[in-house]
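Chemist: If you want the building blocks of each chain, they are given just below.
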Amino acid sequence: MRKKILIRRFDPETVDESFLQAFNVDLPQNATILDALIKIKEEQDGTISFRKSCRSAICGSCAVTVNGVAVLACNSQFKSISWVEGDVIIEPLGNLPVLKDLIVRFYPFWHEVEKTMPWLEPKEEIGEKENIVSAEDVAIIDESANCIMCGCCFGDCTIRETDDNFMGPAALAKAWRFVGDTRDAIKTERLELLSKACNAWDCTRCNLCIDRCPKGVRPLDQIVRIRQEAMKAGIKDNKGARHALAFQSDIKNHGKLNETTMPLKTVGIIRSLGMIPMALRMQMKGKVPFPIQKDIEGIKEVKKIYKIMEVDE
Amino acid sequence: MVTHDLIIVGAGLAGMRAAIEAIKTPDLNVAIISKIHPVRSHSGAAQGGINAALGNAAEDSIESHTFDTIKGSDYLGDQDAIEIMCQDAPGDIYELERMGTIFSRDKNGRIAQRPFGGAAQPRACYAADRTGHAILHLLYEQLMKGGVMVYEEWHVIKLVVEDGTARGVVAINLLSGKLHRIRAKAVIFATGGYGRVFHNSTNAHANTGDGMALAYRAGAPLMDMEFVQFHPTTLKSTGILISEAARGEGGYLLNSEGERFMKKYAPNALELASRDVVSRSEQSEIEEGRGIDGCVHLDIRHLGRDKILKLLPQIRDLSITFEGVDPIDEPIPIRPGAHYSMGGIKASVDGMTSIKGFFAAGECACVSVHGANRLGGNSLLEAVVFGRRVGAAAAKFAEEAELADWSESALKDAAAEIASLLNRIEGEPYPKIRQDLQKMMIQYVGVYRDREKLETARVKVSELKARYENVSIQDLGDVFNTDLLGALEVGNLLDLAEAIVEGALNREESRGAHSRTDFTERDDENWMKHTMAYKAEEGVKLDYSNVTKTKYEPTIRKY
Amino acid sequence: MKYAYYPGCAAEAIMKEADETTRQVARILGIELIDMKNATCCGAGCLDEANLELSYVINARIFAIAESMGLNSIMTICSTCLQTMTKINQELQSDPELLERVNKVLRKTGTEYRGNVQMTHLLWVLVKDYGLDKVKKHVKRPLNMLNVAAFYGCHTLRPAEILGYEDPRNPKSLDLLIKALGGKTVDYRGKTRCCGFHTLLVNERASLKAGGKRLQEAKDKGADCMVTPCPLCDVSLDVYQSEAEKLYQKKTQLPVFNLSQLIALALGVDVSDLSFRKHLVSPKKIISAVIAAEG
Ligand SMILES: Cc1cc2nc3c(=O)[nH]c(=O)nc-3n(C[C@H](O)[C@H](O)[C@H](O)COP(=O)(O)OP(=O)(O)OC[C@H]3O[C@@H](n4cnc5c(N)ncnc54)[C@H](O)[C@@H]3O)c2cc1C
Ligand code: SF4
Ligand code: SF4
Ligand code: FES
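Going down the list, the sequences are from chains P, A and B. The working numbering numbers the first residue of the first sequence as 41 and each following residue consecutively. The working numbering numbers the first residue of the second sequence as 4 and each following residue consecutively. The working numbering numbers the first residue of the third sequence as 1394 and each following residue consecutively.
Calculated from the structure, these hints are not laboratory results. Take the hints with a grain of salt, since some may be wrong.
Unchecked claim - Calculated lysine to any residue pairs in the SDA-like style (CA-CA distance at most 20 Å, straight line): (1) A:552 <-> A:148; (2) P:119 <-> A:323; (3) P:227 <-> A:289; (4) B:1565 <-> P:125; (5) B:1533 <-> B:1565; (6) P:272 <-> B:1447; (7) P:79 <-> A:442.
Unchecked claim - Which stretches of chain P does chain A cover? Using the computed rule of at least three CB atoms under 8 Å from a CB of chain A, they are: (8) 43-56; (9) 79-87; (10) 139-148; (11) 258-270.
Predicted, not measured: the structure shown is a model, and the values here were computed from it. Cβ atoms here follow ideal geometry from the backbone N, Cα and C, with glycine treated the same way.
Please take these sequences and the hints and turn them into a complete structure.
Modeler: Below, the structure written as structure tokens:
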């Protein structure tokens, strides 16, 4: 098959701005994006730069953006890039500084990973053999253990795009790998760290990381697991936890959310005051509902559920 | 100039394990250099398992592991080294587990073990089918924990030896394109294999045997280079590996008649015979017209959906993504492909080479624990066991050694070489030379060899070397010049190809992975010895050394 | 066609207009929506973080309400409700032990979930169950003049293996609907990305910037307005648009419609019934253009 491919070029030594360059290549039916890049480099333009190694989706070298979607070049066959209509556009991974052509600087990615203390802190020495761990306990961290640190999730993460301090999906998935490991000795310490600003609670649950991950790591699912464990461990003095708890109490008390008091419960009185101008504008538009809402009809049953389940607040 | 006490080139299992051991020496300044980020190293691609006689799945013993390895090596392995490796194995695995490796577990919560080719017992410890990945990431975690300095994406282009002692290396920082002198009291190479010498290969693009070539040029002998393992199950279109676990879990090999042809070649072990045996059987079936489109079939359908999803998920993914075949519904087309380099830099059980202060570990070294044929699950083990041992030995050496300065000339030479490459306006682009080499090697130095093929190969290698004299590249920039690296890597492949061909041509017998159709028998009388290849003015100079035997007498190898 | 109707908390309060216009649209198209009077909030993916088991019970109770109404399909107009409830429902349906555990609690409150309910969204109802050809027939005010940026948001698309309605990297439904209403569509990067709503109260700045970015991306590709299938996206993109403009120091002033508002407009509902005055970014110009074209 003959393909027209546009590659985003950038050479820090000669140009200030990146541009798209078009190439036409003949490729076999099963060809991948990486096959195309190699063919172009070896037959048409040796200056095109990209990373590659294993060509089998295990080393994590080759992440690029193809028509707006972060993928591994080596496991993306042309016939499987369903979202591409028209020319194929290959660009560097997002959310990381570009060094040259498709090569990005990975340092910021690793920096976030390192923040999570990504190593086991073993409990006190056991005998001479292995720790005994049930297959079920391994299963809980199985998905996170699949991560190849390719950065596809990071490159398209919503919050990383708008906040450089956000840890990002891969680091958080890696963090879960240790939080969930029964052999680890510092679970609470980890959860406290992860509950701090810009870590587990800042994610906006856009699910892009789940969609992008080529290895089934499902980073958002691991983030939610971290949040759940943190709540169980009683680490609740932060906006994210308060927000979740506000849902729990609103449902109990009214059946519905009370949107007027939600900010108050989540960000506290001081910050809510800052939101007043906004609130006033909404009031003027008739947007803000009456602060004292009517409870739903079956609120008694709901309260009973809370009682049966001994939900403490 | 940068200075460290100990530098380790390579950040796969061997290099990182060495570093973790070395930093246990107080105040020792240790650094790792790697041309790709540590977790991108090819160790991560190892799927199936790592051997140790833990006896979790069935009664097992170190003795039995040792014997299987020696037999697997076709009696070319050094028995003392093999004894050490098998003896140390359980302790090293337990240690990896305690550091945090996520192994699969049996129903008692112990490390699970699966059967592997050439092993009498289920001995391969595994993490689903991403064993290498699990250990590689574990070791990188430990590297971060230990705060080891990593020069990542620095490409080493020269081992500097003065007065018979290693002084350091010259490396390119890919980010800036600058050449650096890195000085050290001791240098470990853990640079992996040379699978990319061949066209059909399970190996990553990065596996160009750099370390072996650099050591060879610096005067260290390469040992047993003619022994190249061809893995029996690699995907038809890409050479990507389908792990032995597929057969370990019960997969069948079928020819065009739907026959389990291994019955003919290895009536007892069948599909789980040693790799060289299985690869040759496949090649024979294909050459005798019972192949399917140049391949045979690996069939795991009878294992059933659940077992495939649970135990072989990655294998299924790879087949679907890279071959368009879902093994739950269809057999996988596979053929033999170059997989593992038994040969390498001659090294002792503590990684010592013929050059003082220069050590080697992992696939780039030849200790030799694999002899003429490596057993599945033994090379991750080699990387871990000897990584640890060499890390300790090199640290000890560095602690006692004096730091010597070395002249700028080594740097100047390297710089001049690169400048001449960058300044060559007319010349032949390297990709074509590489492709021609790889295709030639699989054709003439592949699963079956004979004098005629090997003599042709010899001529062709020297032609290719002549062409390489005039190699050129297009990218003349400094920042991240992957074109330059590509060209340098081809130079390494050529030197190694030469050593492989010469060793193979001279060795007039069939042993393990080296299979000559003109000398079909193993010849212990004349050839139970290691090949040493030295770099000489006019090419390769061969020499031989004895195999170390302890108590295992060579017998006929049958599965 | 009959659905248990679950507008979700936002559409019952801050985004009341979404609920109101949905009812109008349903009336015109002849889709019967039955209110679920007793239903609580679904927890919006937050409750399950506070207390996973509780969130199963609370949602099972909602599903049980639909069952008790004799209905097996719940239609929502909120993407987050859709995703939260679909996910929990699938877990309940595929895990008999879990369902039994949940029912043990529910039975004590006099109800039980038998696992027979499916979740759907107004967008899917129109595209899949009702049919766009039929929608087309009801169009009174075609949106000819308009370049409409379809904003799918996250929770109607992802995760695909749970929602499974369309390719999350190349969705079509909303674009097809816009075309059926006579509008033109805009292709832009932000189409399948995120408005940032769910971190608005945790990381306000990052959230606002996410919403603002989507608006800029649409505007740069020539959008006259944006339409979303979710009242939470509406909040981020319309209510907070001016805040995002401040952060970027760049005006977008892109009117944002809820899906049901845009349909109601095209179906000819009296403009005064569409609550456009509630928008923080005024859609006046857009409305006048549509009405002018109507003649
Ligand atoms: C597909 C596949 C599957 C396998 N499965 C198994 C298995 O199941 N069990 C088993 O026991 N074995 C298996 N093996 C073999 C085993 O994986 C390898 O032998 C082993 O991992 C080698 O480890 P290493 O540390 O020596 O080298 P590698 O992991 O290859 O690392 C080499 C390192 O050297 C660095 N390097 C190389 N050249 C330079 C240079 N010029 N400058 C700087 N740095 C450099 C690289 O960056 C890299 O970090 C498999 C091999 C393959 C190819
Ligand atoms: S779900 Fe959270 S972590 Fe994942 S991409 Fe979205 S914002 Fe980032
Ligand atoms: S979570 Fe997935 S996408 Fe993200 S770095 Fe890991 S493997 Fe890549
Ligand atoms: S080349 Fe290794 S993941 Fe693509």
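Chemist: A separate judgement is required for each hint: does it hold in the structure or not?
Modeler: Hints and how they fare:
For the hint linking residue 552 (chain A) to residue 148 (chain A), the alpha-carbon distance of about 41 Å lies beyond 20 Å, and the restraint is violated. Straight-line distance between C-alpha atoms of residue 119 (chain P) and residue 323 (chain A) comes to about 13 Å, which keeps the hinted pair within the 20 Å bound. At most 20 Å may separate the alpha-carbon atoms for a hinted pair to count; residue 227 (chain P) and residue 289 (chain A) exceed this at roughly 56 Å. Restraint check: the Cα-Cα separation between residue 1565 (chain B) and residue 125 (chain P) comes to about 13 Å, which is no more than 20 Å; the hinted pair holds.
Under the criterion of a C-alpha separation no larger than 20 Å, the hint pairing residue 1533 (chain B) with residue 1565 (chain B) is inconsistent with the structure, at around 23 Å. With a C-alpha separation of about 13 Å, the suggested pair residue 272 (chain P) and residue 1447 (chain B) falls inside the 20 Å cut-off, and the hint holds. Simply put, residue 79 (chain P) and residue 442 (chain A) have alpha-carbon atoms about 17 Å apart, close enough for the 20 Å limit, and the pair holds. With 4 residues carrying a beta carbon less than 8 Å from a beta carbon of chain A, the stretch 43-56 of chain P meets the three-residue requirement, and the given coverage holds.
Coverage of the stretch 79-87 of chain P by chain A holds. Counting CB-CB distances below 8 Å, 6 residues qualify, and the rule asks for three or more. For the stretch 139-148 of chain P, the stated coverage by chain A holds: 4 residues have a C-beta nearer than 8 Å to a C-beta of that chain, and at least 3 were required. Counting residues of the stretch 258-270 of chain P whose CB lies closer than 8 Å to any CB of chain A gives 0, which falls below the minimum of 3, so the coverage claim is violated.
Of the numbered hints stated above, those contradicted by the structure are hints 1, 3, 5 and 11, listed in ascending order.
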